[in-house]
Each structure stands twice: as structure tokens, then as C-alpha cells.
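Chains as they are written, first to last, in this note's numbering: chain A, 1 to 315; chain B, 1 to 315; chain C, 1 to 315.
It is worth saying that the hints were derived from the structure and are not from the lab.
These numbers were taken from a predicted model, which means no experiment stands behind them.
One or more hints might be untrue.
[Claimed, not checked] Derived lysine to any residue pairs resembling SDA-like cross-links, with alpha carbons at most 25 Å apart:
#, chain 1, residue 1, chain 2, residue 2
1, A, Lys250, B, Glu81
2, A, Lys178, B, Asp86
3, A, Lys76, C, Glu208
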Amino acid sequence: MKHFTSVKDVTNISALVEEVLFLKQQPYAFKHLGENKVLGLIFMNPSLRTRLSTQRASMNLGMNVIVMDINKEGWKLESREGAVMDGDAAEHVKDAVAVMGQYCDIIGIRSFPSLENREDDYAENVLNQFIRYAGVPIVSLESTTLHPLQSLADLVTIQEYKKTPKPKVVLTWAPHPKALPQAVPNSFAEWMCNAEVDLVITHPEGYELDEKYTWNATIEYDQKKAFEGAEFIYAKNWSSYKQYGKILSKDRNWTVSADKMKLTNEAYFMHCLPVRRNVVVDDEVIDSPQSIVIKQAANRLWAAQAVLKKILEHT
Amino acid sequence: MKHFTSVKDVTNISALVEEVLFLKQQPYAFKHLGENKVLGLIFMNPSLRTRLSTQRASMNLGMNVIVMDINKEGWKLESREGAVMDGDAAEHVKDAVAVMGQYCDIIGIRSFPSLENREDDYAENVLNQFIRYAGVPIVSLESTTLHPLQSLADLVTIQEYKKTPKPKVVLTWAPHPKALPQAVPNSFAEWMCNAEVDLVITHPEGYELDEKYTWNATIEYDQKKAFEGAEFIYAKNWSSYKQYGKILSKDRNWTVSADKMKLTNEAYFMHCLPVRRNVVVDDEVIDSPQSIVIKQAANRLWAAQAVLKKILEHT
Amino acid sequence: MKHFTSVKDVTNISALVEEVLFLKQQPYAFKHLGENKVLGLIFMNPSLRTRLSTQRASMNLGMNVIVMDINKEGWKLESREGAVMDGDAAEHVKDAVAVMGQYCDIIGIRSFPSLENREDDYAENVLNQFIRYAGVPIVSLESTTLHPLQSLADLVTIQEYKKTPKPKVVLTWAPHPKALPQAVPNSFAEWMCNAEVDLVITHPEGYELDEKYTWNATIEYDQKKAFEGAEFIYAKNWSSYKQYGKILSKDRNWTVSADKMKLTNEAYFMHCLPVRRNVVVDDEVIDSPQSIVIKQAANRLWAAQAVLKKILEHT
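Using the sequences plus the hints, can you model the full thing?
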């Protein structure tokens, strides 16, 4: 693996899942791989799970880690080609990235969408400039449109808990006070459409995701109907893709409740976290034995470790 | 040792002091203990000594460290049970903590009191939620009411410098422009009351600490009388416990001066730092040969290392 | 080497350059040197290149690193002797520094000038207090007047690319929207005046640097004349030293353009980065094959590593 930015960078998904599960059993089996290697983690936005799990993953592989919060610790970066830089931005992203690539063997980058201009956000300018200018492998720590480390952990978790060979997995939209990116649901749909699951996506009308990620999914606007027979309920809020970045609904009837969970086939409850309790999901559900959100979060570590291992083996 | 949050977590105080002194002589004797272990340090408030000394301590033990400034780098955490999270807080502390526990083998946490509601502050909600939800050993890096790593370093310093078997140790309140927590004086009193010292606490009326920490101490409102015959003067400001969080006095007559030090038995001067020079203590005192504040700060490293070693041996 | 704050700390400049070039070939040859050693990096101002390159350098030498952003993570420091500290500053720099010296084996410090009071800035109070109070070797990560790690990397780069034994090197002032320190040009001039080069400095009148750094250079106010026959064009903005901290010109006629580069002896283009594209230098120049800015930045790593190695060998 050269870069890791989407499911498309993975040649064999089930082999990668097996790799994750192996590392979970043998965390330190490849500690020699990272010797004398440095991973740079660049955060343009806050991060807890991704930051901690990726740091731990690289430590397990014997790598050193340098963390940099670029907007806070560094400076504002220019990203337009040919810009006359007499404003706020002190450095062009292509210079900053080329320099980082001189000091790091692998770079992880997190950037968030503006949620204002869909075309700009979906062009993935920041991620693509890192790939173009760094000269070293790039790992997406969540980009403007996708969050593949999360989705790999999600798939592994489903693999661990599924009761049938091709389980029904439901991605349900849920209300939230703020406008959130589509990266997690886009990415979850993209991975599930390539996995052995029956994916159903349920949301209010107007919340349809980009079809290039949902091509293999069933869209069901009736949440209760969607829940019937599900083995996994994956809750997540996102802002509208069609009316880009807008909040079209805060309807609490979409909150995942214990009553709705009764419609499922004793489904496990999943969420990528952080989660707004009693808005996205009721305490009763997330605190129930069927909730596997912490185990899902724990798998972030092994997913990151498998990806870093694959990249280290390739370099 | 499972957790380290107060003197009550220590079964044998003098054995722990000996351990600290041993590590000071042999810093790298237990470097194998921390292999493949990760310490997460979570700061909800700024820290210099605790942060640097605990990082160094874990490096000496061969551990990796991940530092996270939670209010700055992460997000605002909800701590109320059952909250409908449609406000500012993006994550419940119990979810965040449970996740951190998946990636770290030991977690250190610093939180500060509000100094507004005594009952809330003294309930130690943040620390207790870490203990309850992390699933890994918790080290207090200063909590709302106690600072045990500081107190252990203080006790070790007194052990090193005492001239008599049971020295007179004076904790003196001193003025300060801001309202400060009671954590350091509470904790110092708690540890001294369990050690072989004669503890006298002196402060203006109204600055009485919680008696559960001062049960074995003499309270003396006359600062000069308190200083007579002292082997150690430990200066510290704190806000009122009775009129909770209030500043009742900024009286510079309480500043530790060279004249007052003459009343003592050539006492050593101690302070946990940071210190407001010429407000809490005159330059003449803190810069004198009797001042052991830097040696006291240096002992923070070995205190932290002994505590981490004990926890690593227990896990 | 005890401290590294200026070219004056270097006994044999060409031997140090050779050391840098050796480490570039054998990065891990001295990994044992840093065992059980901790480097503390204290930033009072943002940093990207210095921060990442120095972290990587110490990792290559087997050291542990602790990074601390002091104004952000810690607290405001007092630096005046004898101050009555009842204002904002929570700690005196001499106490903070003495404490840091207890936990770190080497300390790197970055501080920036106020650009308001020349006498104060050129007194290097922060750096000198670190040297005076830390009790461990100090490395300047850029001080108020000099940036020796940058200059060493610059000299190494010139050594690698020069076509003649004593190349003509031109330091050219260039416009910039903000008032910048003189640290980089001062330091570049100081090192070049001690190296086998023919240094010409060109800038508008009023931008003369402190003569103690430029004693061995030719000052040429006609930029085009200065460029003639140059092997290296080193562009940099700085604010006025004479009218201290002032911007006297933003004249784009001083921008380094492709036309001006034609006047040179096929000169290489250098800049310490970050650079304001199309203000300091046109895209056409910095993106040309003659631009060696990224290779120059890469040398920051080996320069830092050589300096740390020298200090480790001395301790």
C-alpha cells in the first residue's frame, strides 16, 4: 500500500481485515518494522480517537511520532495556485508539505470540509496536495469527504460480531445540533458497499449521500422499516449533501431509542463517537449490553496499525 | 498500587519514600518495566512541572507517552449524567474516558476546581469518572482537591534535608493576586499528618482548610509564633475553604521575609512553584542558600517515577 | 560544544559542515549517544521546520523529546529582576528555566523579538536567562537576533552546490507585508563572513543590518548589480535595524524575478522558508530547477543532528 485515503487503496479488503485481527492478538509482533521511522501527524482540526489510536499504533510498530496542530502551532497555509501571498497566509501548502516530507517517513493528515462550497470540499484539495508534494506515503486521518481508518475499524467490528454470513447493516441518520461533514457516512457506505453485508441507509428526505458511495445500498426513508431484522444499527448525523452543508432537520423522532432497537434482530449498536447522548441515541441504548461503541473505538488502534504496517512493508 | 490519587492509595509511605530515593540514584534500573506500555497524560489545565517531570519519569521507565490538552486540542466534555447533549459539549466524559482507556495502559489526569461550588469541587467528579470508566490505572496530576505527586516529592525533600528525627514543618499561607485552589495545601497537610513530622499550619482567620486533611496539625494564627524553631517553611497561597473560593486577604505582612526566617531553626524554604516573587516570598529568601525550591521541584521527577513503577509492577 | 547560540560557539566551522554531511549519509550511526537523554524544546513562538527537524534529529540520535509551547500551554513568564509579581505573570523565567533543567539534558529555546525596543531585543534576555539558569546545554532554535541552526544548514547547502571554491553569495532583501525579525539575515551574514564565500548584501537604503554581523560583506544598494555573477541568491525580508522594527518599503521591484536571475551565473535560489510566493519571489523562480529551497530545508535536520551530537559528546 502506498497511500491510504479510501477503500480504493486496498487491494484485498478481507485480507486487510484479517491483518487487523492478527495485530489485535499480536500487537508487538512487528515492532522492528518501524525502527528509525518517523510518522508525522498533522491535524488541521481537533482529534481525540484518531490522534491517540494512531499514536499508539505507531508506537506498537516501533515508530517515533511527531504531532503537529497546524492551525494552532504553525501558521495559516495558502492553497491557491499562483496566489500573491500578501495576506494572512504565511506559507503555501505545497512548500510546507514538501518540507514535512523531508523529516517524516509517513504523514497522516486530518482536514475538515468548509461545508460551504461542495465542489471545493469534494475536490479534496488539502489531501491531494499532501499526496502530490510530500514525496512520502500519506494516510488520511479523515479528509473532507472520507474517513477510511474509521470505516476499516467499523468493518472489523462487524466481522467480529456478525451472526449471519451477510448481515443486515443499517446506517441511520440521527439529529444533531450542528452541521457535520459527510465523511463518516460516505466512507462507511463506500466500505460496506464493497463488503459482504446488506447495507440499508435510512434518513429524512434531502439527506441523500453522494451516490458514488451508496451505489450498492438500499435507501429507506422509513426508519422503523429500515430497522426491521437488522444485525447492526450504525447511527450518525450528517449535514445535507444536496443542499450542501445545511441542517434540514433536527427531528428527535430520528433519535435511536430502545423501542426502535426492539424492531431489530437483537442488533448491536454502533457509532464512531463522539456522540451526543439523548440527541443521536438515548442513554438506554448506548449503555445497553448491545452497544459496542467502545469496542468499535478500540478497533481504531488495530486498524491504524494494520494500515501503517502495510505502508511500512511497501516502502 | 492500582490508582494514585491520595496518600490513602499508599500502603507504606516510608517504603515509597525509599523507592523514590533509590530511583534518584538508579534512574534507569527499571527501564524494562515500561516496555510496550503507553502513558496518556490528559491536561484540562496548564502544567509545566507536572507535565515535564511525568514525561521524563515515564521515559526513564521505558514507557511511551501521549500528551493531550483536552480543552484545547479536543473538545468540551459533558459530565452530567443523563444530559440531553444539544449544547456545547461534543462528548460525554464517560465515553471519552472509556475510549482513552482502550489506547493507554495508565492515564494521568489534571483537573482544576471551579472555586465556585465547594460541594461540586470536593466531589472530585472528573477524577472519579476517570477511575470509574477508564478501566486502567489513574494517576492524579493534581485534582480539584489534592496534588499527591507534589506532596510525595515534598515529603522526600523533607526526608533528605531534616536535621532532627521529627522536624517542625510549617505550612504558611501567603498573599497572592488570584484565587487559588486548596489542592496543594490540602495534600501537603494530608501527607504530613501521616509522616514523622510536627506540622504547624499558619494563616489568617477564615483560611482554615478542610479538617479531614489537617486532623494531626496545629493551627496557629500568629505567623511569627508559628515560625519559631521551624526546620522547614513551606509557603503557599490558597483561597478560602470556608467562604469557598474567596480571597479574604492580600496582606503583604504575610509575605515570607528574611526577618521572619530568622525566627526559625535555620529553616529550609520550600514552595511547590510557580511562585509569585516578592508577593508570596521575598527574593532575598528564595534566592538564599536555605531555599530548596529547585531541589524540591527536581524530586517531582523521582516521585512520579516511583508511582509509575509501583503501578507498572501491579498491572 | 557546550551551548549553540551563534557561530562563535563553533571552534571549527568546516569540521562541523563535514559532520553534517556525514550524518546525512549515516543518520543512525550515533543512535547510542542519546540513550537515556531527553531534549526539551521550548517554543515561545510558532515553528514548523525547526520543530520537526529538531525532533527528527534527536530521534535519529536515540534521544527522547519533550515539546512545550510555553505561552500557550504554560503561563506568562516574568523576566525583570526584582519584580513584585502581582500582575499577569505566574512565574519568573529564572525559576521556570531552573526547573526545566532538572528534567531535561539539553534544552532548545525559541524566542522572537518585540521589534519595538532594539536595545532590549539585542540584549537576548530570554536566551541568556536560559543559559544562566538551566544548568544544561542550550540550543537556540532562533533567538531575537540570530538563527544559527538555519545558517549552518544554509552553509552546508552552499557547500553542496557551489561551482567555484569561493562562490559569490548574494543576500537580497525582498518585500513582505509584515515586519519581520533580523535574526535570519544577521545570522546568515555572520556565518558567511566566517566562510569561504564572497558575500554581497543588497537592500534598499535604511535596511542596513548591524555591522557586527556584516563586517566581511559588501553592501550594494543596486539589486541588479548585486546579482551579476552570483552563484547563490538568498532572498529574505527583514524589518529595519536602524529605524528599529519598521517597514520602510514594500516595493515589489525588489521581488526576486526570473529576469533578475538571468543576471546571475546560473545561480541557485535559496530561502529559509516560509516564503510569501509572488511577493518575496515569483513562482517562476522558486518552482524552477535552480531553486534548492526544499533541499536547503532538508539540511535543517542534519544540521540540528550534528549540533546535538556535538553537545552530547561534550556532556
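Hints, verified against the model:
For the suggested pair lysine 250 of chain A and glutamate 81 of chain B, the alpha carbons sit about 22 Å apart, so the restraint of at most 25 Å is met. Between the alpha carbons of lysine 178 of chain A and aspartate 86 of chain B the distance comes to roughly 9 Å, so the proposed pair stays at or under 25 Å and holds. With a CA separation close to 30 Å, the supplied pair lysine 76 of chain A and glutamate 208 of chain C exceeds the 25 Å bound.
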